[in-house]
Structure formats: structure tokens, C-alpha cells
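Chemist: Below, each chain spelled out in residue letters.
Protein chains: 2
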Amino acid sequence: MPSPAPERKGQRTRQRILSAARRVFAEVGYEKATIRGIAAAADVDKSSVIQYFGTKSNLFREAVHWTIPVAELTVTDPAETAENYLRGLLSGWAAEPNGPMAVLLRNSMTSEDALELLREQVTDHAVSSVAATIDEPDARLRAALLSAMLMGIASQRYLLRLPDLAAASDDEIVALTVPLLTALISPGSAAGSTTILGEPETS
Amino acid sequence: MPSPAPERKGQRTRQRILSAARRVFAEVGYEKATIRGIAAAADVDKSSVIQYFGTKSNLFREAVHWTIPVAELTVTDPAETAENYLRGLLSGWAAEPNGPMAVLLRNSMTSEDALELLREQVTDHAVSSVAATIDEPDARLRAALLSAMLMGIASQRYLLRLPDLAAASDDEIVALTVPLLTALISPGSAAGSTTILGEPETS
Numbered sequence: 007m008p009s010p011a012p013e014r015k016g017q018r019t020r021q022r023i024l025s026a027a028r029r030v031f032a033e034v035g036y037e038k039a040t041i042r043g044i045a046a047a048a049d050v051d052k053s054s055v056i057q058y059f060g061t062k063s064n065l066f067r068e069a070v071h072w073t074i075p076v077a078e079l080t081v082t083d084p085a086e087t088a089e090n091y092l093r094g095l096l097s098g099w100a101a102e103p104n105g106p107m108a109v110l111l112r113n114s115m116t117s118e119d120a121l122e123l124l125r126e127q128v129t130d131h132a133v134s135s136v137a138a139t140i141d142e143p144d145a146r147l148r149a150a151l152l153s154a155m156l157m158g159i160a161s162q163r164y165l166l167r168l169p170d171l172a173a174a175s176d177d178e179i180v181a182l183t184v185p186l187l188t189a190l191i192s193p194g195s196a197a198g199s200t201t202i203l204g205e206p207e208t209s
Numbered sequence: 007m008p009s010p011a012p013e014r015k016g017q018r019t020r021q022r023i024l025s026a027a028r029r030v031f032a033e034v035g036y037e038k039a040t041i042r043g044i045a046a047a048a049d050v051d052k053s054s055v056i057q058y059f060g061t062k063s064n065l066f067r068e069a070v071h072w073t074i075p076v077a078e079l080t081v082t083d084p085a086e087t088a089e090n091y092l093r094g095l096l097s098g099w100a101a102e103p104n105g106p107m108a109v110l111l112r113n114s115m116t117s118e119d120a121l122e123l124l125r126e127q128v129t130d131h132a133v134s135s136v137a138a139t140i141d142e143p144d145a146r147l148r149a150a151l152l153s154a155m156l157m158g159i160a161s162q163r164y165l166l167r168l169p170d171l172a173a174a175s176d177d178e179i180v181a182l183t184v185p186l187l188t189a190l191i192s193p194g195s196a197a198g199s200t201t202i203l204g205e206p207e208t209s
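Chains as they are written, first to last, in my numbering: chain U, 7 to 209; chain A, 7 to 209.
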């Protein structure tokens with residue numbers, strides 16, 4: 007009878023390769039990264055990388071894949087949706103500077119393949135999920151603007167490390183932006199109009 | 007008596023080099039760009055590039071310099087400030103895909119020098135100018151969030167070309183976002199609270 011050990015070892019190797027791949031893609035970029043270099047960074051044979059992932063393109067796709075928390079994005083209260091989304095993004099980026107989203111966004115500025123993946127993930131996952139919760143004819147544009155504004159905040163805070171945003175706490179950012187984002191995805195709602203007047207309902 | 011012709015010719019050459027430099031920096035990135043390559047793209051001698059700009063670093067600095075329209079950013083009506091800022095950004099990027107801001111942002115993801123310049127321009131110019139118009143203790147954070155959200159929209163629309171944002175018109179984007187941005191830089195104002203309820207004052 008086979009023991010479960012080899013399978014667990016395989017999972018660990020796979021994760022080690024993915025994590026090394028994100029580091030290498032972040033440092034040298036998609037175009038310059040090589041399977042050989044990633045194997046070296048993960049301390050495995052080149053043949054293992056090929057066995058687990060096939061091509062560099064497949065490896066990149068898996069390394070930068072992240073799951074949009076659709077359940078959290080579609081709660082009944084729009085203010086909660088906006089806050090969940092923002093906090094998820096802020097803590098995700100904060101915890102992992104070489105996380106999938108950061109690596110994908112950084113590479114999408116210089117690689118067409120990465121850009122194509124980013125379009126898929128943002129448009130098919132994030133925008134479509136949020137748009138489904140908005141009962142307006144321009145729901146998709148509202149959801150796309152929400153996503154763009156959040157990415158702008160997260161990228162200037164973590165990728166570009168602009169001082170005023172880097173120095174602020176998550177709570178300060180949530181307090182100032184959640185009322186605005188709520189108004190965007192829930193136009194005319196009581197939440198949108200009340201909170202905008204200066205009483206953000208955080209804390 | 008010297009004729010003005012040589013000076014005009016010098017200005018034209020300078021502009022041609024700057025424009026070629028932006029193209030090359032956008033295509034191959036700051037690190038891989040060479041003075042020789044930029045000279046070839048501008049159809050001038052390498053020595054001309056050095057004569058006009060000295061080093062690659064200086065050339066980059068001048069090529070990605072853009073002037074933040076401080077006067078427009080500090081009008082009395084915050085809604086107008088927000089709209090001017092957004093429209094300036096949208097039309098600037100739309101008109102020039104290889105414009106200074108686009109080239110700087112793209113390179114700031116992979117070059118520390120570019121990132122340093124971007125921090126200077128966004129923080130010292132944009133954030134400081136807008137913060138000076140906001141009478142709140144967290145004025146700098148509000149201005150930084152405004153800048154981050156606008157950059158998020160502009161970069162997803164033009165650099166990353168996400169379909170929902172790429173398909174929208176400037177007016178649609180202005181109508182949905184200016185009320186929110188106004189509320190951010192003018193908390194508790196009549197403008198912020200009225201427009202957020204569904205009557206954006208565009209058109």
C-alpha cells in the first residue's frame with residue numbers, strides 16, 4: 007500500500023516551485039525569467055519544474071493565480087461588500103509583497119502575456135462578481151471603476167510605496183474610502199448618502 | 007548677426023530626442039534602453055544626445071517630466087478641481103500613449119530610479135498641491151487617495167486597457183467618479199452630499 011508521504015512531498019515541492027517562481031518573476035520579470043533560474047531558486051531539478059508545470063507560460067499562470075473571494079463580494083450590505091473588498095486587497099498585498107497579484111500587476115506593465123492574464127482575472131472575476139450585485143444599467147462600469155480605484159490605492163501603497171499612503175493605517179484608508187466606494191456600487195442608497203456626509207461607518 | 011534658425015533647429019532636435027527616448031523607454035524599459043539606441047531612434051548622432059542631455063538618467067528625467075496643472079487643481083469649487091484633475095489625466099493619457107506619465111508609471115514597476123522620480127512627482131507636486139486646498143487634518147492622505155484612485159482609473163483604462171474602462175467615454179467616467187472624488191477632497195460640503203445622491207453635476 008502506498009503511504010501518503012510521496013504525495014505530500016509532491017505538494018510541498020510544487021508550492022516551493024510556485025513561491026520561487028513568484029520571487030523570480032517579481033525580480034527579473036516574465037520575459038527574462040527562465041525555468042532553469044526558477045529551478046535553481048527553488049533548489050530543485052529543472053526536470054521537476056517541467057514535470058509539474060510544463061512550460062514557463064503555464065508556470066506563470068499558476069504562480070500569479072489568485073482567487074477573488076466572490077462570497078465576500080456579494081454580501082447584502084454594499085458598505086460591507088466595499089469594505090471586505092478593500093480590506094482583502096490591503097491585507098493580501100501587505101502580507102505578501104511577492105504575492106500573485108503584485109507579481110501579475112508588476113509584469114503586466116511589460117509583458118503582453120501577463121497583461122492578458124490580468125485582464126482575465128480582473129474582468130472575468132472581480133468586475134463580473136461585483137457587477138452582479140449592482141442593480142444599475144452601468145453596473146459593469148461601476149464595478150470596473152471600483153476595481154481600478156482599489157488597485158490604484160493598493161499599488162501606490164505597496165508596489166510604489168508612495169509615502170503618504172505607505173504611512174497610513176488600513177483603518178484610516180478604509181474610513182476615507184469605503185463610503186465613496188459604497189456610493190459607487192450602491193447609488194442613491196441610504197448608506198451611500200449618509201456616510202458621505204462625514205460619518206463613515208467603520209470601527 | 008546670428009539668425010534664429012540654429013536655435014530653432016536645436017529645439018527641434020531636442021524634442022525629437024525626447025520623443026524617441028519616451029518611445030524607447032516605453033518599449034524596452036529604462037534598464038535596457040541605451041543612449042545609442044535612443045540616438046538611432048531619433049536619427050541623430052550619439053554625441054548629440056550626450057551634448058543635449060548628458061547621461062541616460064538625465065535624459066530619462068527630462069523625458070518623463072510632466073507639469074501638474076497646479077492652477078487648475080486649486081480652483082475654489084472642489085467639484086471643479088476634481089473634474090479638472092480627472093479630465094486632464096484622461097485626455098493627457100488618451101492623447102499620448104507614450105506620454106511622460108505613462109512611460110514613467112510603466113517603468114516605475116521595474117526600475118528604482120523611475121520609482122524615485124514618480125514618488126517625487128506625485129508626492130511633491132500632485133499630492134502637495136491638492137492637499138493645500140483641503141482644510142482637514144488628514145488633507146495629505148485625502149489628496150494621496152485622490153491621486154491613487156485617479157492613477158488607478160487612468161492606468162487600467164490606457165496602460166492595461168481593461169475592456170469595461172477602455173469602452174467607456176470620458177463623460178461617463180467623469181459622471182460616476184467626480185462626485186466621489188469631490189466628497190473626498192471636500193468632506194461635508196454641499197457639493198459632496200448633493201452630487202452623491204445621484205445628480206452628478208457634469209454636462
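Don't take every hint at face value.
Heads up, the list lumps identical chains together, so a pair's fine if it works in one copy or across two of them.
[Said to hold, decoys possible] Simulated crosslink set (SDA-like; lysine to any residue; CA at most 25 Å straight-line):
id	residue 1	residue 2
1	38	13
2	38	126
3	38	165
4	15	83
5	38	63
6	62	116
7	52	137
8	15	173
9	38	19
10	15	118
11	15	60
12	52	175
Keep in mind the hints are simulated off the structure, nothing from the lab.
Chemist: Evaluate each hint against the coordinates.
Modeler: Status of each hint after checking the structure:
1. Taking identical chains as interchangeable, the C-alpha atoms of residue 38 and residue 13 are never at most 25 Å apart, the minima being 32 Å within one chain and 43 Å between chains.
2. Taking CA atoms no more than 25 Å apart as the test, residue 38 paired with residue 126 passes inside one copy only; the shortest distance there is 23 Å, against 29 Å between copies.
3. Taking identical chains as interchangeable, the C-alpha atoms of residue 38 and residue 165 lie at most 25 Å apart whether they share a chain (20 Å) or sit on different chains (21 Å).
4. Within a single copy, residue 15 and residue 83 get their C-alpha atoms no closer than 43 Å, and across copies no closer than 63 Å, so neither meets the 25 Å cut-off.
5. Taking CA atoms no more than 25 Å apart as the test, residue 38 paired with residue 63 passes in both settings, with 12 Å inside one copy and 23 Å between copies.
6. For the identical chains of this complex, residue 62 and residue 116 are neighbours both inside a copy (16 Å) and across copies (20 Å), given an alpha-carbon limit of 25 Å.
7. For the homomeric pair residue 52 and residue 137, neither the shortest alpha-carbon distance inside one copy (43 Å) nor that between copies (52 Å) is at most 25 Å.
8. Taking CA atoms no more than 25 Å apart as the test, residue 15 paired with residue 173 passes in neither setting, with 41 Å inside one copy and 47 Å between copies.
9. Taking identical chains as interchangeable, the C-alpha atoms of residue 38 and residue 19 lie at most 25 Å apart only when both belong to the same chain, with a minimum of 23 Å there against 34 Å between chains.
10. For the homomeric pair residue 15 and residue 118, neither the shortest alpha-carbon distance inside one copy (34 Å) nor that between copies (38 Å) is at most 25 Å.
11. For a Cα distance limit of 25 Å, the shortest separation of residue 15 from residue 60 inside one copy, 19 Å, qualifies, whereas the shortest one across copies, 55 Å, does not.
12. For the identical chains of this complex, residue 52 and residue 175 are neighbours neither inside a copy (42 Å) nor across copies (48 Å), given an alpha-carbon limit of 25 Å.
The structure is inconsistent with the numbered hints 1, 4, 7, 8, 10, 12, although it conforms to all the rest.
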